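Protein chains: 2
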Amino acid sequence: MKEFRVGIDGGGTKTKCLFLESSRTEMPEQPLSITGAGSNPHIVGFEEAARRIKGLVLEGCTRYNISPEQIASIGIGLAGLGRAKDIKRMEEALDALFFSLNLSENTEYYIGSDSEIALEGALAPEVRSGMLVIAGTGSNAVARDEVSGFYRCGGWGHLLGDEGGAYYLSLKALSSVVKAHDGRGPRTMLSELVLQALNLEHEQDLIQYMYEKPREKQEVAQLASLVIKACEKGDEVATRLIEEAADELVLHVASLAKQSPYFNERTPITVAGSMFTFSPTLKRAFQNRLLDRKLGVFQEPHAPPEFGAVMLGKKAENVREGGGVHD
Amino acid sequence: MKEFRVGIDGGGTKTKCLFLESSRTEMPEQPLSITGAGSNPHIVGFEEAARRIKGLVLEGCTRYNISPEQIASIGIGLAGLGRAKDIKRMEEALDALFFSLNLSENTEYYIGSDSEIALEGALAPEVRSGMLVIAGTGSNAVARDEVSGFYRCGGWGHLLGDEGGAYYLSLKALSSVVKAHDGRGPRTMLSELVLQALNLEHEQDLIQYMYEKPREKQEVAQLASLVIKACEKGDEVATRLIEEAADELVLHVASLAKQSPYFNERTPITVAGSMFTFSPTLKRAFQNRLLDRKLGVFQEPHAPPEFGAVMLGKKAENVREGGGVHD
Chain A
1 MKEFRVGIDG GGTKTKCLFL ESSRTEMPEQ PLSITGAGSN PHIVGFEEAA
51 RRIKGLVLEG CTRYNISPEQ IASIGIGLAG LGRAKDIKRM EEALDALFFS
101 LNLSENTEYY IGSDSEIALE GALAPEVRSG MLVIAGTGSN AVARDEVSGF
151 YRCGGWGHLL GDEGGAYYLS LKALSSVVKA HDGRGPRTML SELVLQALNL
201 EHEQDLIQYM YEKPREKQEV AQLASLVIKA CEKGDEVATR LIEEAADELV
251 LHVASLAKQS PYFNERTPIT VAGSMFTFSP TLKRAFQNRL LDRKLGVFQE
301 PHAPPEFGAV MLGKKAENVR EGGGVHD
Chain B
1 MKEFRVGIDG GGTKTKCLFL ESSRTEMPEQ PLSITGAGSN PHIVGFEEAA
51 RRIKGLVLEG CTRYNISPEQ IASIGIGLAG LGRAKDIKRM EEALDALFFS
101 LNLSENTEYY IGSDSEIALE GALAPEVRSG MLVIAGTGSN AVARDEVSGF
151 YRCGGWGHLL GDEGGAYYLS LKALSSVVKA HDGRGPRTML SELVLQALNL
201 EHEQDLIQYM YEKPREKQEV AQLASLVIKA CEKGDEVATR LIEEAADELV
251 LHVASLAKQS PYFNERTPIT VAGSMFTFSP TLKRAFQNRL LDRKLGVFQE
301 PHAPPEFGAV MLGKKAENVR EGGGVHD
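So the protein lines, in turn, are chains A and B.
Just so we're aligned: the first sequence equals residues 1 to 327 in UniProt numbering.
Just so we're aligned: the second sequence equals residues 1 to 327 in UniProt numbering.
Read the hints as simulated data drawn from the structure, not as lab findings.
A portion of the hints provided could be inaccurate.
If several chains are the same, the list does not tell them apart, and a pair holds so long as it fits within one copy or across any two.
What the hints assert, rightly or not - The calculated lysine to aspartate or glutamate pairs, modelled on DMTMM-like cross-linking and capped at a C-alpha distance of 25 angstroms, are:
1) 85 with 201
2) 88 with 212
3) 315 with 21
4) 258 with 192
5) 258 with 236
6) 14 with 59
7) 88 with 205
8) 213 with 47
9) 233 with 243
10) 258 with 203
These numbers were taken from a predicted model, which means no experiment stands behind them.
Chain A on its own, in the form it takes in the complex (with noise of 0.2 angstroms):
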């Protein structure tokens, strides 16, 4: 009988779950692999998460013809899951519902944060000390060393950080789109694309479409690929709002560079999140601040997060077999 792995990366806004045969230490062409809706427990709280997480186990179980004896183990990482309480109210609501799943009582789990399974997959199994940079909504920074070490750099949330990500550009451009109407900056061809998105006849309107009801991050948060786009364009207001996400987001890995002995010039540097992926300038800008200032070597990521999540399950798996996790 075959055994899988399963990996499971709970973000805001959907929920990935892949089964991995055991005997495979890569991410296939053709994964098996479902995906539901988010699953981060601030969100839709503990027990729900918990829910979502045993449904999309048991429907990609029928899918694929597994029964859940064969899975020897489920790696989760899920978003806003980052405080060590917060993991415990976690396991406590996937125990009471994973025991009505008729899983081996030798499976194993491990759960963690989505920025540790990203981690986790986005660098190979044999390189040691790594670091990956994300900037979707938000931004942080996550790393590992030789000696097992874990690191993070920013993650703060709306309020206090997420320097460079997307909710946080679509703030500066919103100033900047004010600031060029009142005559306190320079005209931007953000004003009209910003308008023109949200369907607004005046800047004025803005001051509605911001305060008459609570707008979603995720909401404002898609405003950043007009900066996007007018950076592309050569817009210089929405290039220097690019320019100084790069500066942010590098800063990450310049704190995170000055925390372990391990980290020079050679490490690999890896980036994750929306903003990355859209914004061909912002890569390149973040690619070149590393090499001008030595920080490490930039690399694609190795595999997605689902994946790095079944190998934190392996991980778990060997403890059982007495192995250290950080084998």
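Using the hints provided, position chain B relative to the given structure of chain A.
Below, chain B alone, put in the same frame as chain A:
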């Protein structure tokens, strides 16, 4: 029988009501005034704002032994009252209530924004052209010129603007604290001051403080006092934040200066709001930049906003008597 004019300055947290004998043209040393709860119609509702204003007028009449029939005019400036639609709605709410006050049928009203009355009070009556820069929780600037033009700049609220205001500065301070903690920014006195003021043990606790429940803008804005304190003690991060605030506020003046040919290097520029009141460094930096850029001449405000409200009510009387509003 003496005649009185009433001036009302309705802010977010308090409302001031001034009774001025019609024979007077200056703010008295011992004004007949009374203070009540806030009357920003977007916070307390239009009907409640009208009720509070009526209540204050009645209370003042009783305290100072004035009959409502003696009131020649009521000038009202309210926070949150910018758009024509809102002013009309406020007029309707006040009409319904003032009818029951037994005012003289000749009593005139003026209803406008808190910025308009603040400008009217801040500039001496004989001064035709001038500006007022306001930096309280938020920020904005207003001006008038020889030909009765009224100009605005800024005032876009905490998500779109408010550069140089206390809320804006507080978020910058919090960002500096987490950046220092991450090693992404220089160490600053603000770290200890902020944690102490919020009674938190660690920078990480800021996350719970800021996100666990929505914080009032006012509450967060109070942290600006710590920036002022650290700046006066020579902290470099805090000093740079205050200087950036001065830059942003001067940008408002530079923008207004372009809007009328009557504005020049002799134009009186006056200021209001807690940021200018409590930060000598901000005020000095602002004044120096005005001088350097030849944008105008700094002046202390002539009289408070409630006096400006009285004066705008008086202008409404003149309209009735056949004069122009802007006599």
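Hint check:
1. Proximity of residue 85 and residue 201 under a CA criterion of 25 angstroms is satisfied inter-copy only: 17 angstroms between copies versus 48 angstroms inside one chain copy.
2. Taking the shortest Cα distances, residue 88 and residue 212 sit within 25 angstroms of each other only across copies (18 angstroms), while inside one copy they are farther apart (38 angstroms).
3. In this assembly of identical chains, the alpha carbons of residue 315 and residue 21 lie at most 25 angstroms apart only when taken from the same copy (15 angstroms versus 83 angstroms across copies).
4. For the homomeric pair residue 258 and residue 192, the shortest alpha-carbon distance between copies (23 angstroms) is at most 25 angstroms, but the shortest distance inside one copy (43 angstroms) is not.
5. For the homomeric pair residue 258 and residue 236, the shortest alpha-carbon distance between copies (22 angstroms) is at most 25 angstroms, but the shortest distance inside one copy (33 angstroms) is not.
6. For the homomeric pair residue 14 and residue 59, the shortest alpha-carbon distance inside one copy (15 angstroms) is at most 25 angstroms, but the shortest distance between copies (58 angstroms) is not.
7. With identical chains, the CA atoms of residue 88 and residue 205 are at most 25 angstroms apart between copies only, with a shortest distance of 18 angstroms across copies and 45 angstroms within one.
8. When the C-alpha separation of residue 213 and residue 47 is checked against a cutoff of 25 angstroms, the pair qualifies only between copies, where the shortest distance is 20 angstroms, while the shortest distance within a copy is 28 angstroms.
9. For the homomeric pair residue 233 and residue 243, the shortest alpha-carbon distance inside one copy (15 angstroms) is at most 25 angstroms, but the shortest distance between copies (33 angstroms) is not.
10. In this assembly of identical chains, the alpha carbons of residue 258 and residue 203 lie at most 25 angstroms apart only when taken from different copies (19 angstroms versus 44 angstroms within one copy).
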